[in-house]
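*Asks:* Listed here are the chains, written in short residue letters.
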Amino acid sequence: MPAPIRLRELIRTIRTARTQAEEREMIQKECAAIRSSFREEDNTYRCRNVAKLLYMHMLGYPAHFGQLECLKLIASQKFTDKRIGYLGAMLLLDERQDVHLLMTNCIKNDLNHSTQYVQGLALCTLGCMGSSEMCRDLAGEVEKLLKTSNSYLRKKAALCAVHVIRKVPELMEMFLPATKNLLSEKNHGVLHTSVVLLTEMCERSPDMLAHFRKLVPQLVRILKNLIMSGYSPEHDVSGISDPFLQVRILRLLRILGRSDDDSSEAMNDILAQVATNTETSKNVGNAILYETVLTIMDIKSESGLRVLAINILGRFLLNNDKNIRYVALTSLLKTVQTDHNAVQRHRSTIVDCLKDLDVSIKRRAMELSFALVNGNNIRGMMKELLYFLDSCDPEFKADCASGVFLAAEKYAPSKRWHIDTIMRVLTTAGSYVRDDSVPNLIQLITNSVEMHAYTVQRLYKALLDDISQQPLVQVASWCIGEYGDLLVSGQCEEEEPIQDEVLDVLEGLLVSNLSTPVTRGYSLTAIMKLSTRFTSVNRIKKVVSIYGSTSLILYCCNDPISSWISFNFHLTECPLSVCQTFQLQLLSPSSNVVPALNQGTVTQVIRVLNPQKQQLRMRIKLTYTLKGSPVQDLAEVNNFPPQSWQ
Amino acid sequence: MQFMLLFSRQGKLRLQKWYVPLSDKERKKISRDLVQTILARKPKMCSFLEWRDLKIVYKRYASLYFCCAVEDQDNELITLEIIHRYVELLDKYFGSVCELDIIFNFEKAYFILDEFLLGGEAQETSKKNVLKAIEQADLLQEFNIGTFKEIKIFLLGEI
Chain W
3 MPAPIRLREL
13 IRTIRTARTQ
23 AEEREMIQKE
33 CAAIRSSFRE
43 EDNTYRCRNV
53 AKLLYMHMLG
63 YPAHFGQLEC
73 LKLIASQKFT
83 DKRIGYLGAM
93 LLLDERQDVH
103 LLMTNCIKND
113 LNHSTQYVQG
123 LALCTLGCMG
133 SSEMCRDLAG
143 EVEKLLKTSN
153 SYLRKKAALC
163 AVHVIRKVPE
173 LMEMFLPATK
183 NLLSEKNHGV
193 LHTSVVLLTE
203 MCERSPDMLA
213 HFRKLVPQLV
223 RILKNLIMSG
233 YSPEHDVSGI
243 SDPFLQVRIL
253 RLLRILGRSD
263 DDSSEAMNDI
273 LAQVATNTET
283 SKNVGNAILY
293 ETVLTIMDIK
303 SESGLRVLAI
313 NILGRFLLNN
323 DKNIRYVALT
333 SLLKTVQTDH
343 NAVQRHRSTI
353 VDCLKDLDVS
363 IKRRAMELSF
373 ALVNGNNIRG
383 MMKELLYFLD
393 SCDPEFKADC
403 ASGVFLAAEK
413 YAPSKRWHID
423 TIMRVLTTAG
433 SYVRDDSVPN
443 LIQLITNSVE
453 MHAYTVQRLY
463 KALLDDISQQ
473 PLVQVASWCI
483 GEYGDLLVSG
493 QCEEEEPIQD
503 EVLDVLEGLL
513 VSNLSTPVTR
523 GYSLTAIMKL
533 STRFTSVNRI
543 KKVVSIYGST
553 SLILYCCNDP
563 ISSWISFNFH
573 LTECPLSVCQ
583 TFQLQLLSPS
593 SNVVPALNQG
603 TVTQVIRVLN
613 PQKQQLRMRI
623 KLTYTLKGSP
633 VQDLAEVNNF
643 PPQSWQ
Chain L
302 MQFMLLFSRQ
312 GKLRLQKWYV
322 PLSDKERKKI
332 SRDLVQTILA
342 RKPKMCSFLE
352 WRDLKIVYKR
362 YASLYFCCAV
372 EDQDNELITL
382 EIIHRYVELL
392 DKYFGSVCEL
402 DIIFNFEKAY
412 FILDEFLLGG
422 EAQETSKKNV
432 LKAIEQADLL
442 QEFNIGTFKE
452 IKIFLLGEI
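As they're listed, the protein sequences go chains W and L.
Just so you know, we're using the numbering used here here: the first sequence kicks off at 3 and counts up by one.
Just so you know, we're using the numbering used here here: the second sequence kicks off at 302 and counts up by one.
No wet-lab data here; the hints were simulated from the structure.
All values derive from a computational prediction rather than experimental measurement.
Virtual Cβ for every residue (Gly too), placed ideally from N, Cα, C.
Errors might be hidden in some of the hints.
[To be verified] List of simulated lysine-lysine pairs, BS3-like, C-alpha gap at most 30 angstroms: (1) W:LYS364 x L:LYS360; (2) W:LYS324 x L:LYS428; (3) L:LYS428 x L:LYS313.
[Claimed, not checked] Now the stretches of chain L that chain W is said to cover, found in silico as 3 or more residues with beta-carbon under 8 angstroms: (4) 346–358; (5) 375–381; (6) 430–443.
Produce the entire structure from the sequences given, and follow the hints as far as they go.
*Replies:* Take a look at the structure:
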């Protein structure tokens, strides 16, 4: 039997395939050869075969039949075999498979191997993919290696311990003694991984956190040495000494200083030093500054230091590097609540970022802009945000529209400005506005009594231009139904339409295929309401008789004299010759709150004017939230006593 | 770090290192979707994005994309440095590395990564030390002898 082809040979061959089918054929052929080789328990070429299998796996082909072979390789005494075996295990196995547990014994042996590179393989594999059971079994071995003087193994053991703790948090205690002298190490690899281990322990346990607070002076010293020391070629990155270690120390300091005044004070000076002395021309310096800012903002730092941090972020916003701008906006978003005034100073730069080309930067700038809106800057900010709404990508429009409505509600300088702003949103981004904004807007308009005429006129004009944006059409229809008399009566500043023109527009909505059923409901309801306000009643009767089976939409206003509940109301079928008109009046409900646990009821009187004595039917739709999830309930009432309508 | 992916401009995976437990099927789906998302991004865009509930950091070096998924509290800027350090290691090891080196020697690319990162965190911050470890492990493999002590004897002629 000829020797199986070499790995590189196979790679070369597969790459000559010109089609997917050709490649698949080659792979199948090779897999068959590999399978028979496995069956023959060939020790010599197992390593080569598994390596080839791993290549094919990376191309997307199944390789599960090689899982057990990886275990055999791991158990072999040859270093080559172990190297590929462990690699295969990490690629082909995951902790959900039973096979993976069979590795435990091999790993245990290899953790105690006489060659550090074999021990290294075992530590790496355990630290990358060890399951909880494996971690439980092998934690003792890892702990032992954490105490060794061999820095090559010690650094790996530290990270392996991190993984063990993540998988089995109860085991954290057993690593505590071994952490005693970790920070006295000179070796940067050990220092770095030790800091990671300490960070993990402090994040998981308040007791550990309290215990390790005493390390703050030592950490400060190490950081100081890194900054003050001269050029160290081994750890230098663009003139900065071991930025990776610096960043991890800063992160650990953050956790230790959080909610602790003494620790925060002890690190104050070094933070100021890093913040002012770090070179900012390259990404690596900015990475350290970024971590420093995060730490300053999270611990109990004095206000001078906080302002320094925010100013660093402000400078970041002006950096040419978009990555730097991105992290600046992210950080500012986190601190805008606590350091509002300091962030306000950078408002104009933030608003400029709305014009950035990058989607993520735009999104953050938008969120931050909304967070910065207040009573003083509302007019200016809203101008920018509305401009943004006009030109932004569709994915932003819904959020931006909601944000504008919220901000307008909180800080509107005048009712007219408020209505104008709403109009602007409805006309520029009307189709992206959320469903619940329609009833909210209707409520708002109802409450602005002096603006009714102005509002209905503007909405009517908007309808003349565009009937495609449903939320706009719905709000406009509702307003026309309510305030149609103001629209035609000359109360508006502009030339007023006549009744028939208005009815034309509303009827147009009923027939247009741009209108959704809900929109049709709104426009029909509006037409019906106009029967009490307009004089062209015959025309209205005709329209209603044609569209009689459409649902009506009625809304609740906090008007003490009459209140309306939102529900769908179906008209019964009617012969074309007879008009179907109801008039409804709902009086105030007995209460606004339905008592819990069946302890009471709410009643509401509905007065119905039913001149044609048509049978009454009522459909009720209840929508409410239960434990945060929306619920909808439908009910029909068909058994009104005949006396109520005959 | 949750995982690192290397892929070409045509979307072919060249290396995948996973530090979180996921089934093969889940890994395939994530890789496929994420690769498509990144390839669709324009050159002028940020190196960072939020994808599903992950923070993604990626950078293109010649024809290869290096892409990492990191945790919420991880520093994106230093992750760029981690990626850069890995590229430097590959460059030093292969001598002016190119995509073909990674294709034909993928197992070595993994070995180098495993000497630099462990469980998703950097285990060694000195370039020199990582390369030295790889060099010595390669020697061990070359001679395929059980212990390193024996190699020393062989090379240095000690008794």
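*Asks:* Are the hints correct? Go through all of them and say.
*Replies:* Comparing the hints with the structure gives:
no.	hint	verdict
1	W:LYS364 x L:LYS360	holds (20 angstroms)
2	W:LYS324 x L:LYS428	holds (28 angstroms)
3	L:LYS428 x L:LYS313	holds (28 angstroms)
4	346–358	holds (count 6)
5	375–381	holds (count 5)
6	430–443	holds (count 6)
Taken one by one, the earlier hints all hold for this structure without exception.
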